[in-house]
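Visitor: Sequence:
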Amino acid sequence: MRDTNPCSGPKFVTVAQSTAPDARDAVEEAATGIDLVQTCFVLVLAPSGLDAGVLADALADRLDGVPVFGCTTAGQITPAGYETDALLLIAFHKENFRCSSILFKPLKPLSIAPIISQVKRQNSQFLRTPGWNRLALVFADGLSKQEDLLASVLETVLEGIPVFGGSAGDGLAFGETFILHNGAFHGNAALLLMVETNLQFQGLSFDHFLPNGKQLVITDANTEERLVHEINGAPAAKEYARLVGCAVEDLSPQVFAENPMLVCHNENHYVRAIFALTNGQSLSFLAAIDDGLVMMLGRGKNIIETLEAELDVRDPAGRAPDFILAFDCVLRKLEFEEKQLDRHVSKIFRRHRVLGFNTYGEQHCGLHMNQTFVGVAFFESDGGHGQWT
1 MRDTNPCSGP
11 KFVTVAQSTA
21 PDARDAVEEA
31 ATGIDLVQTC
41 FVLVLAPSGL
51 DAGVLADALA
61 DRLDGVPVFG
71 CTTAGQITPA
81 GYETDALLLI
91 AFHKENFRCS
101 SILFKPLKPL
111 SIAPIISQVK
121 RQNSQFLRTP
131 GWNRLALVFA
141 DGLSKQEDLL
151 ASVLETVLEG
161 IPVFGGSAGD
171 GLAFGETFIL
181 HNGAFHGNAA
191 LLLMVETNLQ
201 FQGLSFDHFL
211 PNGKQLVITD
221 ANTEERLVHE
231 INGAPAAKEY
241 ARLVGCAVED
251 LSPQVFAENP
261 MLVCHNENHY
271 VRAIFALTNG
281 QSLSFLAAID
291 DGLVMMLGRG
301 KNIIETLEAE
311 LDVRDPAGRA
321 PDFILAFDCV
331 LRKLEFEEKQ
341 LDRHVSKIFR
351 RHRVLGFNTY
361 GEQHCGLHMN
371 QTFVGVAFFE
381 SDGGHGQWT
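Just so we're aligned, residue 1 is where the sequence shown starts under the UniProt record's numbering, counting upward by one.
Hints in this document: simulated from the structure, not taken from any laboratory. Check the hints yourself; a few may be wrong.
Only pairs whose alpha carbons sit at most 30 Å apart, straight line, appear in this in silico DSS-like list of lysine-lysine [said to hold, decoys possible]:
1) K94 to K105
2) K339 to K301
3) K238 to K347
4) K120 to K94
5) K347 to K301
6) K11 to K94
7) K347 to K11
8) K214 to K238
9) K105 to K120
10) K214 to K301
11) K108 to K94
12) K108 to K11
13) K339 to K214
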């Protein structure tokens, strides 16, 4: 339900939620807190437990006339912090936002030329408002294995427009994910949401891992399926378990979350996360992988100190964000839960007005990555233009 304390919530979006187990009840409860007349569009972040078809119909009925976008998630970040069963609605105010959207379907196989053509056409037709700032948000099927290429293509064609995004989730089931566009949930799809705002904004992207010095080489991989069969010439699961110091039978999502593999790009290290043990010997990844790829095992920095420092952003006038829109990897949430830090993290999110969802992967600066927090901090405008880093 809507936070009725105007001092505790953001000014430029209205946030509403419901944990009702029935989709129609959840929409009715959450939508009560939204003024449709004042809303440009609503971002819907849905738990995997709600029936997608019923949810889409209920949203169309209740939010009639307002553009609605979103996806299924692996968890939500609400005004209370981390949740798993909340239908989260974020209504962006007309006074501060404009938007235009494209649905890419089918996403797999990905056709580069049509995507470039669609994006160029949409970008030219979405006329710029003088003095307003532009960014793009992308929501992609988290099981499509196409996010790496999609992120690269969008970064190229939208040169000069920063792109932030996350892969849709399905709780921890990894069964099927959906993208919401034009009143329906779509599988094997991606949504590009082009946004203009009279607010200033700052992009965020961080993790809490450094290379630990243990280098390894992928020696046998199914690139298309992001499946690694061998590491250093040995069965992948056996070699990974040896490197992290556990038995193969003890490998779990928590072990994968605490011991990620890193790749180096432009002198920076990015996480390529493992999400499952496959057939007892192979490792399934959430991002691109290839034969001959040289990687490093990661070791964690202080996760809370890193989170506090990275979220403590200010505009040039020294003001904190009105809110931060977040794409936060589900493996980060698993690590917080394993270390019993999830309540502490939720308090930090509440203090910094973080809103968003847990993803199967994150997109920023043309890259698809894992175990990373990607976000956009929105600040009240003082008449300045653009964004800064």
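Visitor: Now look at each hint and say whether the structure bears it out.
Guide: Evaluation of the provided hints:
{"no.": "1", "hint": "K94 to K105", "in the structure": "holds, 28 Å"}
{"no.": "2", "hint": "K339 to K301", "in the structure": "holds, 14 Å"}
{"no.": "3", "hint": "K238 to K347", "in the structure": "violated, 38 Å"}
{"no.": "4", "hint": "K120 to K94", "in the structure": "holds, 25 Å"}
{"no.": "5", "hint": "K347 to K301", "in the structure": "holds, 20 Å"}
{"no.": "6", "hint": "K11 to K94", "in the structure": "holds, 12 Å"}
{"no.": "7", "hint": "K347 to K11", "in the structure": "holds, 20 Å"}
{"no.": "8", "hint": "K214 to K238", "in the structure": "holds, 15 Å"}
{"no.": "9", "hint": "K105 to K120", "in the structure": "holds, 17 Å"}
{"no.": "10", "hint": "K214 to K301", "in the structure": "holds, 16 Å"}
{"no.": "11", "hint": "K108 to K94", "in the structure": "violated, 34 Å"}
{"no.": "12", "hint": "K108 to K11", "in the structure": "violated, 39 Å"}
{"no.": "13", "hint": "K339 to K214", "in the structure": "holds, 24 Å"}
The structure shown violates the earlier hints numbered 3, 11, 12.
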